[in-house]
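Enquirer: Its first residue numbered 0, the sequence shown is counted upward by one per residue in numbering that gives the first Met the number 0.
Since the hints were made in silico from the structure, they are not lab data.
Treat the hints with care, since some could be wrong.
[What the hints assert, rightly or not] Computed list of lysine to aspartate or glutamate pairs in DMTMM-like fashion (alpha-carbon distance at most 20 Å, straight line):
hint : residue 1 : residue 2
1    : K24       : D46
2    : K24       : E49
3    : K24       : D35
4    : K24       : E47
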Amino acid sequence: MPASVGDRIRVGSRVGEIVEVLGPKGNPPYTVRFDDGEEETVFPLPDEVEIVEE
0 MPASVGDRIR VGSRVGEIVE VLGPKGNPPY TVRFDDGEEE TVFPLPDEVE
50 IVEE
């Protein structure tokens, strides 16, 4: 699932903002700053992530 910096995504039960796209053409992995303040690199499978519209 291609994404861009600034997109908000849900990974499992966590929601955060993509701060860096590390894969080619907007694909994972992504560095995500989650709403709880934690920042980590995630390698989600296509069925494990969705763009959140808030």
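Enquirer: Against each hint, give a clear statement of whether it holds in the structure.
Expert: Each hint, compared with the structure:
1. For a cut-off of 20 Å, the pair hint linking K24 to D46 stands: about 18 Å separates their Cα positions.
2. Between K24 and E49 the CA atoms are separated by roughly 17 Å; this keeps the pair inside 20 Å, and the hint holds.
3. For the hint pairing K24 with D35, the CA-to-CA distance comes to about 28 Å; that exceeds 20 Å, so the pair is violated.
4. In summary, the hint linking K24 to E47 is supported, as the alpha carbons are separated by about 19 Å, within the 20 Å threshold.
Checked against the numbered hints given earlier, the structure breaks only hint 3 and satisfies all the rest.
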